[in-house]
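K.L.:
As they're listed, the protein sequences go chains A and B. The opening position of the first sequence corresponds to residue 1 in my numbering, with each subsequent residue numbered one higher. The opening position of the second sequence corresponds to residue 1 in my numbering, with each subsequent residue numbered one higher.
Just so you know, the hints here were simulated from the structure itself, not pulled from any lab data. Since we're looking at a predicted model, the values are computed, not measured. Virtual Cβ for every residue (Gly too), placed ideally from N, Cα, C. Check the hints yourself; a few may be wrong.
Sample of chain B residues at the chain A side, in silico, Cβ under 10 Å [said to hold, decoys possible]:
1) Gln37
2) Asn55
3) Ala92
4) Glu102
5) Glu107
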Amino acid sequence: DQQVKQNSPSLSVQEGRISILNCDYTNSMFDYFLWYKKYPAEGPTFLISISSIKDKNEDGRFTVFLNKSAKHLSLHIVPSQPGDSAVYFCAASAGGTSYGKLTFGQGTILTVHP
Amino acid sequence: ETGVTQSPTHLIKTRGQQVTLRCSSQSGHNTVSWYQQALGQGPQFIFQYYREEENGRGNFPPRFSGLQFPNYSSELNVNALELDDSALYLCASSLGSLAGGELFFGEGSRLTVL
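Taking the hints into account, I'd like the entire structure generated from these sequences.
P.N.:
Now the structure itself:
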């Protein structure tokens with residue numbers, strides 16, 4: 001039972017354009033969502049998060065949008081840079097003392113071409 | 001500030017053997033979570049330790065066990081290894097397990113079971 005799904009295994013964009021990575025979830029108890037980036041031979045690194053009381057959170061070039069009714073979130077990267085090429089995971093947690101217990105999607109490989 | 005370190009980075013075991021993986025948490029962090037990442041998949045939550053007590057467990061059998069020490073470092077033990085246990089094992093530390101407690105991941109231990 002895949003509670004967090006990233007349906008696009010890969011995404012390719014040109015440098016300077018927008019990258020949009022999508023994520024869907026099924027568990028209504030999830031109330032905190034995060035995006036992690038992973039380079040080969042490194043552990044995942046935190047990018048940005050959003051609480052279910054918000055519908056948007058920005059941090060520099062990265063913006064996360066949350067649509068609770070559709071159980072959908074997306075990560076926008078503008079402008080995309082070659083250094084953004086990595087695997088991106090969305091993750092969710094269900095509140096209380098569960099915030100450290102994340103449910104991850106399968107990941108999307110982003111390639112940004114110069 | 002020292003980040004999360006894991007050892008060993010790579011190891012090969014045979015089916016039926018036992019393995020111990022080690023993790024040193026980031027300085028000041030009192031919570032450690034372990035994740036299993038199979039090839040092509042997102043990380044899956046195994047369990048979390050908070051102040052030396054198990055604080056939640058994912059859908060893994062009892063042959064997966066753990067410990068957290070007074071200095072907050074941690075071990076993951078897997079008994080009776082099976083071929084499907086081949087994966088990247090990630091350790092993540094955080095300060096507490098509540099919202100905003102961003103997880104900091106180590107580079108992982110790559111286990112191959114033959």
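K.L.:
All hints, please: hold or fail.
P.N.:
Evaluated hints:
1. Gln37: Since the shortest Cβ distance to chain A is 8 Å, the answer is holds.
2. Asn55: holds (7 Å)
3. Ala92: holds (8 Å)
4. Glu102: holds (5 Å)
5. Glu107: holds (5 Å)
Violation of the numbered hints given earlier is absent; every hint is satisfied by the structure.
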